[in-house]
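Visitor: Here are the chains, one letter per residue:
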Amino acid sequence: MDLRISELAWRNLVHDKVRLLVTVTGVVFAVVLIVVELGLFLGFTTTTSSLIDRSNADLWIAAARVPYIEMGVPFSERKLPTVLATPGVARATKTIVRFSQWQRHDGRQESVQVIGFDPDQPLGGPWSVVEGRAADLKLADNVIVDELYKTKLGVSRVGETFEIRGHRARVAGFTRGIRSFTTSPYVFTSFKTAQDFATVAEDQTVFILVKAANGQDVGELRSRLLSRLKDVDVLTTAEFSGKTRFYWMFTTGAGVAVLLAALLGLVVGVVVVAQTIYATTMDHLAEYGTLKAMGATNGYLYRVIIQQAVISAIAGYALAMAVSVFVVRASAKGGAAVLLPLPMAVGMLGLTIVMCTGAALVSINKVTRLDPATVFKG
Amino acid sequence: MALIEARGLVKTYAQGDAAMRALDDVSIDVNPGELMLLVGPSGSGKTTLLSIIGCILSPSSGSLRVLGEEVTRLRARDLPAIRRERIGFVFQAFNLFPTLTTLQNVALALDLKGVAGRQARDRAAALLDDVGLGGKLESYPADLSGGQKQRVAIARALAGDPPIILADEPTAALDSQSGRAVMILLQRLARERGRAIAIVTHDNRMLGYADRTVRMEDGRIVSDVTERKTDTTTGAAA
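Quick mapping for you: the protein sequence lines, in order, are chains A and B. Quick note: the first sequence uses the numbering used here, first residue 1, plus one each step. Quick note: the second sequence uses the numbering used here, first residue 379, plus one each step.
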């Protein structure tokens, strides 16, 4: 039975190819808009907390009430021995995240974020290193920057030297795809060098990163550290990541704007698809009246209309995904990453079908109220 | 036994503050094997009566029994099943689906009744063969003449093997030759297959094919003339 409904739905759709094209274009437009906006949102949120998420640490110790990573305030590094002496701590290391100024060869200043870490520890360093090695940062003044910011920083190759806040900085390597949400590129260097680049006093640090011992409950360790340390916050990596993401996405309004744009895409999609499916329904209204007169139930007609919506959704989704993948790939080389993980792509299929079937409700309402006696009115 | 028994049917429509009576105390039986014409001037209530006995429109009052079942007491959602199982419709404008082939148009009616796949295809092909369109199974309505379209519509009406066929001006859009062919086909269905057939028409050329002619004026039956007796038990000509 369903085969015939599918056939009728399909033929109703393809009968007017121009209208089908308009419908599918509407779906494609809406889906691409939603994917790009949600992908941007996802890219932004991932970018804002990537330093924390990729730190390999279980706990972050920061000055009290630090709202997000870029707002770290220096505190005494003498807390480090206390941390290291706490049972359940496998490793702990000092880390600096601070803004500074990079001077290009042409004299122009660029704002950068200096990330100082201990190259002998597997915590808080760069990832995706494509040229040079993180271990090269053991040498004083050496830095690693991301390929994405070569032009911005005026860097062309390994070995070039620049100045950061009057101190010599030698490019020892490059990473790939490590974006900064603040537009200030990350500059990875040793903790010691970072103290000079970011004017952090000799006996100060900005964060202490902690790796729990195997089998140690992180929550318990956090409580234990809090009981031993004063004037600092001890946050799990997930907590600190969440705080940072929330700040950038919602406190600044950046994320809300992107989400609103995605919502707008959804509304535009529903309106466009609703209009075209409604127009298609109106075109075939006499046929629906005939079906009703012949004894078709409303449920039968709903299935025809919903299948038209689902066919439009699947066709639109397939084309939209092709466009979206192109956008995602193009964005990989740009300043803002658009992410499209598989769960989001699958979720978008569901959302597209919901959007199109939701749009079909207007048509369903029209058919429900259709009087089958219209068939006898010429 | 009459397949349709209508008693005291009244249909009123609100017209501003006043009420307009489209049907006024109409009682009529439609018998198996009988080709009945409903004639009368425009606005006489013919189509309203056809819509009510076709369970498409509900009467304001009165009784209607279809194959012995009182349908005026049924809920609106139960009426599609009555139409689907017991009544076939033929329309003035054919009302075929332009995007489907003739075979698919007929198969769609079978699909509504739950017959699908090869069984539906074979039955649809047999019905089209029966109305002389066995060679046009894959043609689209746009490729058919008016007479051929109406024959497809008749095949579709017969799809569920209903005992009652209701037709609204089935020859109005046809030339006289095609109109005659359609009437002969309907006459054959009544006489050979025992169907009860009620036809609304303005076409006086068709009067000769009727077993019975019912004339309506102002929502009432003003004459009911039997041209040819049929055995109302078997539908055979008496």
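Note that these hints are calculated values from the structure, not bench results. Careful: at least some of the hints might be erroneous.
[As the list claims (entries may be wrong)] Pairwise CB distance ranges, derived in the manner of DEER restraints:
1) B:Ser517 x A:Pro341: 45 to 53 angstroms
2) A:Gly299 x B:Gly446: 46 to 54 angstroms
3) A:Ala332 x B:Ala520: 48 to 56 angstroms
Fair warning: this is a prediction, and the values are worked out from it, not measured in the lab. Built from N, CA and C at the ideal position, the CB exists for glycine as well.
Visitor: Hint by hint, say whether it matches the structure.
Guide: Here's how the hints hold up against the structure:
1. B:Ser517 x A:Pro341: 45 to 53 angstroms: At roughly 51 angstroms between Cβ atoms, proline 341 of chain A and serine 517 of chain B fall inside 45 to 53 angstroms, so the hint holds.
2. A:Gly299 x B:Gly446: 46 to 54 angstroms: Once the Cβ atoms are compared, 28 angstroms apart, the range 46 to 54 angstroms for glycine 446 of chain B and glycine 299 of chain A is violated.
3. A:Ala332 x B:Ala520: 48 to 56 angstroms: holds (51 angstroms)
Taken one by one, the earlier hints fail for this structure only at number 2.
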